[in-house]
Each structure stands twice: as structure tokens, then as C-alpha cells.
Amino acid sequence: MSPVLAGILQLLALVVALGLSYRPLGDHMARVYSSEKHHRPEKWIYKAIGAHPDAEMRWPAYLRGVLAFSAVSVLFLYLLQRVQGSLPGSLGFVSIDPDQAFNTAASFVANTNWQSYYGEQAMGHVVQTGGLAVQNFVSAAVGMAVAVALVRGFARSRTGELGNFWADLVRGVVRVLLPISVIGALVLVACGAIQNFSGIHEVGQFTGGTQQWNGGAVASQEVIKELGTNGGGYFNANSAHPFENPDGLSNLFEIYLILVIPFALTRTFGRMVGSLKQGYAILGTMAAIWIGSTALMMWTEFAHNGTAFDIAGGAMEGKETRFGIGGSSLFAVATTLTSTGAVNSFHSSYTGFGGGITLLGMQLGEIAPGGVGSGLYGMLIMAVIAVFLAGLMVGRTPEYLGKKIGTREITFAACYILVTPALVLCFTAASFVLDTPAHSMTHSGAHGFSEILYAFTSGANNNGSAFAGLNADTQWFNSTLGIAMLLGRFLPMVFVLALAGSLAEQRPVPETAGTLRTEKPLFTGLLVGTIMIVAGLTYFPALALGPLAEGLAA
Amino acid sequence: MNNSVGNTGRVLWAGLRALLVLTLVCGVLYPLAVTGVAQLTMPGKANGSEIEDASGKAVGSELIGQTYLLPLKEGEEAAAPDLKWFQPRPSNGLGTNSVNTRYALLLSGATNRSGDNEDLIRWVTDAKAAVVKDNSTADYQVKPSDVPADAVTSSGSGLDPHISPRYAKLQVHRVAERNGLTVAQVEKLVADHTDDRVLGFIGEPRVNVLKLNVALKATVAAEG
Chain W
1 MSPVLAGILQ LLALVVALGL SYRPLGDHMA RVYSSEKHHR PEKWIYKAIG
51 AHPDAEMRWP AYLRGVLAFS AVSVLFLYLL QRVQGSLPGS LGFVSIDPDQ
101 AFNTAASFVA NTNWQSYYGE QAMGHVVQTG GLAVQNFVSA AVGMAVAVAL
151 VRGFARSRTG ELGNFWADLV RGVVRVLLPI SVIGALVLVA CGAIQNFSGI
201 HEVGQFTGGT QQWNGGAVAS QEVIKELGTN GGGYFNANSA HPFENPDGLS
251 NLFEIYLILV IPFALTRTFG RMVGSLKQGY AILGTMAAIW IGSTALMMWT
301 EFAHNGTAFD IAGGAMEGKE TRFGIGGSSL FAVATTLTST GAVNSFHSSY
351 TGFGGGITLL GMQLGEIAPG GVGSGLYGML IMAVIAVFLA GLMVGRTPEY
401 LGKKIGTREI TFAACYILVT PALVLCFTAA SFVLDTPAHS MTHSGAHGFS
451 EILYAFTSGA NNNGSAFAGL NADTQWFNST LGIAMLLGRF LPMVFVLALA
501 GSLAEQRPVP ETAGTLRTEK PLFTGLLVGT IMIVAGLTYF PALALGPLAE
551 GLAA
Chain H
1 MNNSVGNTGR VLWAGLRALL VLTLVCGVLY PLAVTGVAQL TMPGKANGSE
51 IEDASGKAVG SELIGQTYLL PLKEGEEAAA PDLKWFQPRP SNGLGTNSVN
101 TRYALLLSGA TNRSGDNEDL IRWVTDAKAA VVKDNSTADY QVKPSDVPAD
151 AVTSSGSGLD PHISPRYAKL QVHRVAERNG LTVAQVEKLV ADHTDDRVLG
201 FIGEPRVNVL KLNVALKATV AAEG
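Chains W and H, in that order, give the protein sequences. Per the numbering used here, the first sequence starts with residue 1, numbered consecutively. Per the numbering used here, the second sequence starts with residue 1, numbered consecutively.
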């Protein structure tokens, strides 16, 4: 079988697996976020928090919960790294410097998992397992909570109440993320991922002498890293490291984990707004962009344009033998179209166009299917914009899901789509105007530009993958990327929750003959077009200077 | 004002308590439970898939690639490959210890070089010439077009334990000659250690270099 055919079959296998879990998982999540019953362990947790899980919150209260929890998380994770050197179970690793500790804390709380450190030589068991891995769970659950709050905004009328943040947070962790993680972690161990708490130890080598490894709770962290679209690797090589991603099967399973919740959330959305078809329209948009991008990526990587790849006879630089071009392309697209940022191959060594596809995936706003929760709310914001554009064309006040999209609503949506481009482009420009940041680049010319553009695109969109030639462990990059990650995560959430509150207060508008049918394929097409136009208008000049210039020269 | 400060304090306090409880659940109970089950049911895999040679000595992990080099000679910048053994992929991006220099930890890493990068072009060109030269024997001439891409490029982790079946086959004549084995013997070893795609389409066909070399060593010992 040719590698191309094997790659296409792997894509089909993913489509089938995601299709099979779409209904049960989507319906399960709808029940989780709608049920009035609390499980016993959850009641203990609410007691410990001092929260009343049945108390409804309006959007400012919901937002306060999100921000307070995240602020405490940043502080806790920062302090944990700063005192690592004195903690037991840290393998004797030293404490992390202030700028890097801030960057890492911001990164993991913002669901970005950008890493300016080498996992295996910087972070011990306590920080990895008790700090970073915990944020993999809770930052994902926060994203899902905000998405569910927005869905409730569409589903509810004349109330302004969006649910209870603490209940949504705890249920997301206990009823969705944890059960899948336990099973998934054992699947990964069965493939060969390690799961132990051994210290640094010597292992004999074939030609004599020894090599030094550190152990770790890798499988348990790997699974939630993908499932929660986090992406922070235990080791520097991330999911290219054989202990994180041992074979072709674990690779396909990890890609599945990345995509399964974001896709299934469209079913949850359809269920909660009372029209499964509305969910299918959103699903169709996500799937079209995902499959299209994957096809383009496989085409350009198998074609391997580029001087070094031509000499080598294939674009295998930075790719593992066991995954090949197909398994690597699938992973690269899945990780950049979601907010994951885990990598099983190194994007900087992709072809010029291949690198461009990873960049564009993030610049679309990571909505196809996007991060857990953030993908759904990002896509719903784009749907609001699309409805608005359609309304402008026919001169009619736009509605979406029975809610009027008025000045207030469109203002929040517009603010949402301005945040990340502003962060990406301003910080990238500043990095080139200033004297020292450019010293961090490995490449000069178009690829060097891409390194820095990629860093801020990845940070502000909460992806976390990198054109890793860039030495990002400098005070400039640690602090600016930290700020970009926090603002890129939490400012959009403010606008999403404000929009949700405003929608929930409205009374529903009855559907008439003039209502845009947002459950039809025509709307899916309009939505894809809107996404492309918004991202294209924003980023085309920057892309032209980087990956397009490189790809066209090759 | 007082009320709002008190309110903010209350929410932050709730946030801290939520974080601590969830840290206990997700950062302590969950990893311990998974580790417990994994260690009880799959200890070999959970501890790094170590393998032993015929004499029972641990020789590494089947998942972690190794180098098979001659001892560094005086005046050499880098040690030369020991051509008796099957050679792995290059690993030009393998990280070096810079933070915790008290350890000689195995660090993973890629070169992160782009297709038009001069370093990468030079590395690939040199590697290709070396592969052609090293693997050509008196009665077997390697052509540059025979060399597969994985033989001249570094992997993502720098620890890739595998090579493609094409690269393994390319090394057969050399390995046979250097070890005093017949080509057929070595070809059989390669065939025995070639793994196909899972279910015929997942992943890529590959040869585990360490396992192959362990088997090669055992064959040589049996012959000798």
C-alpha cells in the first residue's frame, strides 16, 4: 500500500471513529450540563469549595468565577515552579526563573501550553503531575463551561441567567474529562507510553555505557493533554517522543482524542438549543475546513518542495519513521485547527506551504473544530457575524436561533474577533522593530519572520505549538507571550459571556418566511466563506511575508 | 466599595479551594490510580519497554533510538559510525543539557530547520554521500537514488528507534560483509524485524534498529 493511500485511510478511520462517538458523547455532555442531579463526590467538592451549585449566575457573576479561578491558578502554578528546588519529588531540578515561571503559568492556565523550557530537564514530578497536568484538566473544563454558558444564552429567554460556573467546572472535570482520561491513559500505556514515578536512572546501552532517563506519569498527562486540547509535552519533543507517542496506533488515537470533544460539542449545542440540525450545520462547517486542510497538508508534504527535501527525496526532516508523512500531516492539522499545539513532528521543518497551513489553521481562530469549548464559542461568534452579513445584504435585522443580533450583540462579536489579531500583529511588529528579539531566530529571511509570527499566533490563539527554531526563553518572549496568552484567552471570554447574557435576556423572535435558515447547507457555505474572508483580510499581508514567500520560492 | 472588595475576596477564596480540591482529584488521585493499574497489569511498558540481549544484560529501550559509534579517536570532531551494526537515522537536533548539567539526561529535540536552510541542505547532502559510500561494497554499489529520505534526515524527537525497511535493506550487504555473514542471513534478520502497518494502514512500515542489532549480535555469536 502506498503511503498516500495509507494516509487517506487513516483520515477515513478518524472520520468513522469521530462519527461513532459523536452522538453518545454529545448527548452525554448535554445531559451533564442540563441535569439537576448532583453525584455524591460532586457534593463533597461543592462543600469544600463552599459553592451552591444550584444558584444561577448572571453573566458578570459567571465571569467573576472564571477570572477568579484562573487568577488563583496562575498564582499557584507560578509559586509551585518558583519553589520547585525545595520540594521533594522534584528529581533535584532547580526552581524556575521568574520570567519563565510566569510564562509557563500563564500558558497552562490559558489552555495554551506554550513551552519555553525543556520538559525533561526542567520540571520534576510535582510540578508536572501536580501542577501542569491539573491545569490540563481545569483549563479545558473552564473552556467548556464558557461555551455551555453561551449555548444557554441562545437557549434561554427573558432571564439573563447562565448557570453556575462552579457546577459547570466540576461536572466538566468529573463527568467528562476524567472518565475518558482514565481509559485513554491505559490505552496509551498498552501502546508503550510510560507511567511511573521513578527518578533519574541509568539504563545499559548496546555498545556499552549507559544512558540516563527520567520516568514520570507520562501516559496520564499525555491523554488529557490531547483530550483537553492543551498540548504541553512531558518531554521537549512532545508527542514525537516515543515515550509519549510510541506507535502508529497511539498516534491515531491521540489525534482522535484531540478532535473528539470539540466535534461532539456541536451535538451538545444542537441538543441544548432544541434543534439538532443547527448543530449539524456547525459540524459541517468545522468538518469541511478540517478535511480540506488535511487534504492540502498531505498534498504539499508528499510533494515535498524545498531544496533539502528534494535532495533527501522526501520531507522527513522532523518527522518520525513510525508516523511517516501521512500520520504527521494528520496530527499537524488537527493540532493547529484546535487549540492543542501538541506536535508529533516539527512544523518548522514542514514545506513552506505546509508551515503556512499550520499558521492559517490557528489564524482562522481555531474553530474547526477548535479547542474544547473555545472552538464552539469561537464558531458561534463567527456564525453571528455570518448572520449579520447576510442581514446586511437583504436589509433586515439579523436573527440567529430566535435571537435578534442587534448593535449590542454585534459589538461583542466584533470585539471578540479583533482581540487575537491585534495581539498577534502588534507583538510581531514590535519584535521586529526592537533590537534584540530578532536575535532569537534560527533562520533569516521569510522563515525567520514565520518563526516570530508563528510564536505570537500560537500564543494569542492559545495553541502552544511552535516553529521551534526560535529561542523563546528570553525575557522579551517569556513576558510578551505570557501577556498575549492571558489576554488572548480571557478577553474573548469576557465578550462571549457578555454576549451570552445579552442573548439570554431577550425574548425569542418567532421564525418567519424572511428568517435566514441557519440549519441549511447554504448557511454552512456562508459560514465557511465568512471565516475565510475575516482571517484572510486580517492575516494575508503577514502570511505573504512568511510562508507564502517561502513556499513560492521553493 | 467595601462590599465589592469583600465579594471579590470571597470569589477568590472559592477559586483557591476549588483549585486545591481539583488538584487532589486530577493531580494526585488520578495519576496514582492510573500508575497503580499500569504497574500491576503492564509493568514492562509502563517502565519504558527495556530490552535485554541474549546474555540477559539490559541494552536500552525498544522505543528509544541509540547510536552505534566507534570510540572517538584523537583529532576527530565526531565519532565515526561502527559499520558492523545497522545504523539509525541522523539526530542533528538532539538537545544538549543546559539547565541541569549535573545530569547526563537523554534530551529529545528536532533541528527545526526549513527546507531552504543552508545547514539542513549541507547535512542532508553530506549524509547522503556518507550513506552511499559506507554501504557500497565490492559487489554491491549503492546509487544515490536508492537512499530513502529517513536515512539522511533527523527525526522529530532525535530518538527515533526505527528506520524504514528500505534503509535497512540498503545496509544489508555492508553488515553481512563486516560480520562475516551471508547476505541471505542478514536479509532474513531484516525481514524478521520488519513491522508492517497496524491493520495494514495505520502508521508506517519500520524496522527497530536496536532489536535488529541485538538479533544480529546473537547470530554472529552463534556463527562464531
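Hints listed in this document are in silico derivations from the structure and should not be mistaken for laboratory results. Where is the CB? At the ideal position from N, CA and C, for every residue including glycine. Hints are supplied without guarantee of correctness; some may be wrong.
[Stated by the list, open to error] Derived contacts from chain H toward chain W, CB cut-off under 10 Å, selection only:
id, residue
1, L12
2, V25
3, A46
4, G48
5, A58
6, L83
7, S108
8, V124
9, T125
10, Y140
11, Q141
12, P161
13, Y167
14, D195
Each hint, compared with the structure:
{"no.": "1", "hint": "L12", "verdict": "holds, 5 Å"}
{"no.": "2", "hint": "V25", "verdict": "holds, 7 Å"}
{"no.": "3", "hint": "A46", "verdict": "holds, 4 Å"}
{"no.": "4", "hint": "G48", "verdict": "holds, 5 Å"}
{"no.": "5", "hint": "A58", "verdict": "holds, 4 Å"}
{"no.": "6", "hint": "L83", "verdict": "violated, 13 Å"}
{"no.": "7", "hint": "S108", "verdict": "holds, 3 Å"}
{"no.": "8", "hint": "V124", "verdict": "holds, 5 Å"}
{"no.": "9", "hint": "T125", "verdict": "holds, 6 Å"}
{"no.": "10", "hint": "Y140", "verdict": "violated, 20 Å"}
{"no.": "11", "hint": "Q141", "verdict": "violated, 18 Å"}
{"no.": "12", "hint": "P161", "verdict": "holds, 6 Å"}
{"no.": "13", "hint": "Y167", "verdict": "holds, 9 Å"}
{"no.": "14", "hint": "D195", "verdict": "holds, 9 Å"}
Going through the hint list in order, the structure does not satisfy hints 6, 10, 11.
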